[in-house]
Amino acid sequence: MKNNKYAPPVNSGKIKQSDHVMAVKIKTESNGLGALKTLAVVGLIVIQAVVLILSFIYFLTPFQWYFVLSLVLTLISCIHVLSSDFHGQAKATWVLFLLVCFSFGFFIYLISNKQVLFAKSKQKYSKIFSNSQKILPQSDLAELTSQDKAICNYLYNTGGFRANINNSKTTYYSSGYQFYDAVLDEIKKAKKFIFFEFFIISDGVLLNRLLKVLKQKASEGVDVRIIYDDMGSHSTLSEKTKKQISSSGIKLLAFNRLVPLFNIALNLRNHRKIVVVDGLVSFTGGTNLADEYVNEKRMHGYWKDTGIKIEGPATDNLTLSVLHQWEFLTGKTQDYSQFLNLAKQVKIAGMVVPFVSGPNYDFSIAQNMYANQIGNSHEKLWIMTPYFIPDETIMNLIINRARAGVDVRIVLPEVADKKFVYFVSRNNAEKLIKYGVKVYTMTHSFVHAKVVLNETSAIVGSINFDLRSFNQQFESAVFTTEEQTRKSVALDFENTFERSIEVIDKNKKRNSVLYRIIAGTFNIISPFM
Amino acid sequence: MNNELDVLTLIVKKEQFNTILENYMLLGWTLTEKTENNRYEDLLDVKLTRPHKIDNKDDLQLLQIYMEENLNEQAKLKKFKHAGSTTFSAIVGVLGLALMAFGILFATNVFQIVGLIGGIIMAVCGLVVLGLQGFGAIKLFKLERKKFETKQTNMQEQLKHLQKKARDFFGGENEK
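One line per chain: the protein sequences are B and X, in this order. Going by the working numbering, the first sequence opens with residue 1, and the numbers climb by one from there. Going by the working numbering, the second sequence opens with residue 1, and the numbers climb by one from there.
Simulated from the structure, these hints should not be mistaken for lab results. Any given hint could be a false lead.
Some, not all, of what chain X presents toward chain B, calculated at C-beta under 10 Å [claimed, not checked]: (1) Asp6; (2) Lys13; (3) Met25; (4) Glu41; (5) Asp59; (6) Gln64; (7) Leu95; (8) Val114; (9) Gln133; (10) Phe135; (11) Arg167.
The calculated DMTMM-like cross-link candidates involving lysine to aspartate or glutamate, where the alpha carbons are at most 25 Å apart (straight line), are [stated by the list, open to error]: (12) Lys16/B - Glu33/X; (13) Lys212/B - Asp6/X; (14) Lys188/B - Asp6/X; (15) Lys297/B - Asp55/X; (16) Lys297/B - Glu149/X; (17) Lys419/B - Asp505/B; (18) Lys16/B - Asp59/X; (19) Lys212/B - Glu4/X; (20) Lys191/B - Glu239/B; (21) Lys151/X - Glu502/B; (22) Lys431/B - Asp362/B; (23) Lys53/X - Asp203/B; (24) Lys380/B - Glu483/B; (25) Lys418/B - Asp6/X; (26) Lys165/X - Glu494/B.
All C-beta atoms, glycine included, are put in the ideal place defined by N, C-alpha and C.
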């Protein structure tokens with residue numbers, strides 16, 4: 001972790017005075033290389049675009065047929081976009097992009113379109129689902145209110161996610177540190193199987209701490225499986241660690257490999273965070289498996305994250321979703337019954353429905369569950385999210401709730417991880433202030449938590465309030481009405497409000513014209529963010 | 001696991017080592033290693049440890065960030081205490097000197113009455129600008145010092161408040 005800036009100089013002898021102003025610096029603190037990387041990537045894209053345009057002009061005369069062909073393909077692509085199930089803003093952005101970059105835009109559309117490249121995978125998922133999606137019978141919903149019944153029916157009918165009523169317990173964790181200590185405690189007790197499914201897995205203190213236990217468990221004959229996203233874990237999970245994991249008897253699989261011959265659109269990433277232990281206990285939340293999520297490494301100030309533990313039969317929903325992913329990746333059918341219906345009932349009042357979403361389902365479950373949560377709020381609607389880039393539907397729903405007198409509050413980070421995305425997020429949130437929405441930014445912190453709370457229920461998981469989470473990524477979350485969990489979530493929100501600054505008219509970033517121009521410009525490409 | 005330690009590696013300014021260490025100790029950290037930085041003479045490499053399982057860890061982690069931000073902000077404030085007056089002095093000083101030099105050059109090289117008068121006026125203007133520079137710089141310097149003192153007092157108050165919070169978490173035990 002040693003920063004090169006502090007390495008000995010090539011010539012012997014020390015430099016008297018360092019050039020940095022700070023009194024203290026954590027060795028893992030961000031050194032601004034992220035911005036350089038972004039600049040390098042933007043630079044390369046610009047060079048590519050210039051080369052493409054110049055080649056196009058150069059070849060225009062001898063290759064007039066290409067000009068005609070690209071126009072035809074652009075037209076076909078535009079028609080495809082307009083007839084697709086994209087939401088309004090995404091359609092407009094794509095059409096604009098295709099028209100501006102008509103010489104090559106259709107190609108980019110082709111390689112990033114889930115309907116084109118994902119079609120085969122979707123078929124594969126459909127086959128897996130047809131065999132096992134409704135393997136868990138729905139619970140008796142007779143005692144539920146009509147509102148809860150509707151949510152349960154929606155989740156079961158769209159994804160086969162069983163509602164677990166008065167039989168499962170959830171425990172909320174208000175930080176990554178608490179979350180992973182609970183995970184460690186549970187995996188130490190494992191006897192049959194441990195499943196991990198994560199977007200980012202990174203070499204470091206946390207992974208070492210977990211691997212120590214996982215290797216031990218694998219050597220004891222426990223079936224340990226890990227799925228990681230190849231893009232999310234790219235450059236964070238070293239080949240050495242991968243080899244080490246595989247050689248210790250742990251089964252390790254990459255999701256959507258970064259290879260030239262891909263069969264899933266590259267932008268469809270597995271953003272889920274799931275741990276399942278013996279089918280008795282499971283976890284999900286916002287925390288990836290990397291040091292910054294537990295504040296062992298400093299990236300963007302204090303890292304605020306959350307997670308949730310599920311005990312009881314509700315665990316089966318997440319077990320089943322990991323098994324589906326495993327079957328998709330290995331292509332091997334497996335006997336699910338040995339992994340399901342293992343948990344004993346935990347007598348506790350309330351409903352727990354763990355669910356997952358992704359492009360493998362016919363509906364945007366993540367977006368619809370957030371829409372339900374917003375629509376069903378009558379007293380309060382508290383949202384914690386790192387990114388706030390919803391579409392018009394969600395924005396209008398939030399505005400309507402605020403206008404109806406619901407206490408709507410949104411917590412965003414004060415420190416940005418991706419500056420462009422933060423520009424748009426903050427701009428979107430600030431637009432809502434005039435309708436009565438309270439916007440907070442947690443001081444010196446990066447809020448990575450994804451929690452939506454209303455007066456009757458909470459959703460805790462990996463779903464950001466953005467279009468990528470809603471439409472392109474594989475996500476996981478838990479919907480719960482349990483009173484104790486709601487209280488814990490509410491307490492965490494109250495603590496976070498205390499540690500935040502409320503954005504009011506005076507300190508709005510939107511007060512700057514330049515900010516509005518930049519945010520507005522980036523908003524055009526927000527469907528891709 | 002219960003005996004496991006969290007490790008924190010820092011690079012600190014030598015002159016502020018004691019103040020910084022004192023703050024970290026309030027947060028439950030213990031000094032385990034202190035070495036000279038390989039590259040810079042004014043820096044120290046410091047290693048601290050703390051039990052992994054500790055009460056109010058989330059609050060302490062957040063408090064730590066606030067303290068670090070505060071210490072760094074104070075250092076930044078000190079370093080750029082007179083940035084405004086220095087910049088002002090440099091720019092206006094160069095302008096005044098340039099005017100004087102051009103004025104003298106003009107008066108001595110253009111052998112006409114207009115050149116002579118113009119040159120003298122320019123030189124006098126340069127002198128006035130230099131005078132203004134001196135006057136402005138002193139004013140700005142005082143203003144900056146006042147601003148710095150107020151800001152620093154506020155930041156020190158904030159730091160004391162943070163330290164008190166840290167003490168409250170440990171019931172004073174972390175000061176031993």
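| What hint numbers does the structure not satisfy? | The structure conflicts with hints 3, 7, 8, 9, 10, 11, 16, 18, 20, 22, 25, although it agrees with all the remaining ones.
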